[in-house]
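Add chain B to chain A, keeping to what the hints say.
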Amino acid sequence: MATLATQAPPAVPPAHAEAGPTYADTNRDVIATLRPPGRKYYIGMAFVLAGLAFGAVSWAYQLRYGLGVTGYQPPIFWGTYITTFVFWVGIAHSGTLISAILYLFRSGWRTAVYRTAEAMTVFAVMTAGLFPVLHLGRAWYAYWVFPYPNFRGVWSNFRSPLVWDVFAISTYLTVSATFLLMGLIPDVAAVRDQSVGWRKSLYTMVSFGWKGSDREWRHFGKMYLYLAGFATPLVLSVHSVVSWDFAMAIVPGWHATIFAPYFVAGAIFSGCGMVITILVPLRKAFHLERYVQVRHFESLAKVILLTASIVAYAYGTEYFMAWYSGNRFERASFYNRAFGQYWWATWIMITCNAFIPQLLWFKKIRTSIPTLFVMSIFINIGMWFERFVIIVTGLSHEYEPWQWSYYLPRWPELGILIGSFCWFSMWFLLFIKFFPAVAISEIKEALPPPVRAGGLR
Amino acid sequence: MSAPAGVVGVFGGLDAAVSALESLKASGYANYRVYSPVPRPELADALAKKESPVRLFTLFGALTGTAFGFFFAIATSLDWPLVTGGKPIVSWPPFIVIGFETTILIGSLATVAAMFLFAGLPKLGRAPGYDPRFSNDKFGVVAFGGPAQLAEAREIFAATGAEEVKDV
Chain A
1 MATLATQAPP AVPPAHAEAG PTYADTNRDV IATLRPPGRK YYIGMAFVLA
51 GLAFGAVSWA YQLRYGLGVT GYQPPIFWGT YITTFVFWVG IAHSGTLISA
101 ILYLFRSGWR TAVYRTAEAM TVFAVMTAGL FPVLHLGRAW YAYWVFPYPN
151 FRGVWSNFRS PLVWDVFAIS TYLTVSATFL LMGLIPDVAA VRDQSVGWRK
201 SLYTMVSFGW KGSDREWRHF GKMYLYLAGF ATPLVLSVHS VVSWDFAMAI
251 VPGWHATIFA PYFVAGAIFS GCGMVITILV PLRKAFHLER YVQVRHFESL
301 AKVILLTASI VAYAYGTEYF MAWYSGNRFE RASFYNRAFG QYWWATWIMI
351 TCNAFIPQLL WFKKIRTSIP TLFVMSIFIN IGMWFERFVI IVTGLSHEYE
401 PWQWSYYLPR WPELGILIGS FCWFSMWFLL FIKFFPAVAI SEIKEALPPP
451 VRAGGLR
Chain B
458 MSAPAGVVGV FGGLDAAVSA LESLKASGYA NYRVYSPVPR PELADALAKK
508 ESPVRLFTLF GALTGTAFGF FFAIATSLDW PLVTGGKPIV SWPPFIVIGF
558 ETTILIGSLA TVAAMFLFAG LPKLGRAPGY DPRFSNDKFG VVAFGGPAQL
608 AEAREIFAAT GAEEVKDV
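Protein sequences appear in the order of chains A and B. Residue 1 is where the first sequence starts when you use my numbering, and the numbers rise one by one after that. Residue 458 is where the second sequence starts when you use my numbering, and the numbers rise one by one after that.
Careful: at least some of the hints might be erroneous.
What the hints assert, rightly or not - Computed beta-carbon distance windows for the label pairs: (1) B:Lys482 <-> A:Phe362: 49 to 59 Å; (2) A:Leu104 <-> B:Pro461: 39 to 49 Å; (3) A:Phe373 <-> B:Leu539: 18 to 28 Å; (4) B:Pro585 <-> A:Ala60: 52 to 62 Å.
Said to hold, decoys possible - Below are the EDC-like pairs computed for lysine to aspartate or glutamate, each with C-alpha atoms no more than 16 Å apart in a straight line: (5) B:Lys482 <-> A:Asp214; (6) B:Lys580 <-> A:Asp29; (7) B:Lys482 <-> B:Asp594; (8) A:Lys433 <-> A:Asp29.
Keep in mind the hints are simulated off the structure, nothing from the lab. Even glycine gets a Cβ: it sits at the ideal position worked out from N, Cα and C.
For reference, chain A alone in the conformation it holds in the complex (with noise of 0.2 Å):
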């Protein structure tokens, strides 16, 4: 109040007019998104259920004729869809980053982007969260790995971390998708008081009745910095476990501490990534240049840029331990990495994840938007390949010499990696259409708030 009374009085039209938008500009632009499609987008969406099918197709293909149609090779049976679920939860990482952390940071440009990373992260865990399933060949028995206790003689092994992993994924998708549907309230609110038919009664529902009281914003606001708070070491952890899956194995190229901080910083990155990919085709067909600006692509990038330093760093780091160790099997696990039958693959993602990001030093890259959107394509695939290069290249040359394989993708495998993406993006698709994809009160919030023209008291 002191501030606001102390500020001199806006000249008429006020002050704002051409710093930015204001309350009503936000509503009607972002409300704009939600109009309906037209004939790109149905075209988009036909493409993705293809795609879809694809993968459908080939997943009832390969429970058909059984795990034999993948290009597992005795000992390498986590392949694709290891490496795709894994590159999945990453992708998940930086939707509770942008929402969560950078929220207990105060961060103002996270406004501009959460609700895509937060709702892309939703997806992505759905996505994920097939693939356990996808790669069992008797995907009916896939209720095995819940443990509730022992009625049917199953033994769940709380020291086993694919136990951990069902605890971590199911809270993580449960929590992030609550933080998603409670910072959607007042924005659906605010949809459905412009809304008319059965919108109005779903945004009604959705919206939870919510009208803006003084009561409801007073605990909607410490429910939403406690869950920040909770979100905050869950995306931490869940990672943390996923690379436990590998790192408490005694396979050289897994057993190492590092892989903790590495993966997260590995996910962070990736999911940084594919916000990117994902933002500057939304921005672009729905005009939203005003509320996603080219300043926050440019805190997207920096993030990037830090994120890709820990990773290469983490790479080196892993030589360095494999070389100071002394350890013959490790020693050779990596020197096969980079050297050995699987060197494209590896090279793929030391190019992808650690170089090309440096180039995010200069400024005109970090503000050039095409750049970002190539730039952001290449860490998707580089570390599509970091979760391949880690999990196949190490099961492929383990200790004993007769024991080492070589195992690519075949069609099936690659069919359910093309519907994964497709799935994803249906739902993505989806969601812009129904719910908006920018955060329309916490834009507003980040806005000067209007005061009354011609001065106070």
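Same frame as chain A, but now just chain B:
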């Protein structure tokens, strides 16, 4: 038409809404409500409400979650006591992971439940004095009371620059 239960002032400026609120408080009002498109610290300061009790639910939810996670892992292990790797049946260090995840899960859900409880949601019916503009760019102050109080509230709203004053 029955006598109005309250009167609502629609404000285009945050400063106007805040000064209306302060005038209401100065003239001894206790029964009022504010609608705003965004939470503003100025409004929260003028309202001067106590800390939200949501945080207690957060604490108890989290502690319940921790206890449940450890209980679940220990009880399940004891129910099927199979020694592997020479480790004790109740090997608590790895159970920390389970306890940690359930702490977060139940703590978060309890926090959300508390918000719904204290904020009175879901509230699918009409709220007195609510106007769709309050989710867009207007601030609303609703004062409830008897006819004499409402007359005073109308004056306050008009004096502080309400764009519109109406009975509800």
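Comparing the hints with the structure gives:
{"no.": "1", "hint": "B:Lys482 <-> A:Phe362: 49 to 59 Å", "verdict": "holds, 55 Å"}
{"no.": "2", "hint": "A:Leu104 <-> B:Pro461: 39 to 49 Å", "verdict": "holds, 44 Å"}
{"no.": "3", "hint": "A:Phe373 <-> B:Leu539: 18 to 28 Å", "verdict": "violated, 53 Å"}
{"no.": "4", "hint": "B:Pro585 <-> A:Ala60: 52 to 62 Å", "verdict": "holds, 56 Å"}
{"no.": "5", "hint": "B:Lys482 <-> A:Asp214", "verdict": "holds, 15 Å"}
{"no.": "6", "hint": "B:Lys580 <-> A:Asp29", "verdict": "violated, 27 Å"}
{"no.": "7", "hint": "B:Lys482 <-> B:Asp594", "verdict": "violated, 24 Å"}
{"no.": "8", "hint": "A:Lys433 <-> A:Asp29", "verdict": "holds, 14 Å"}
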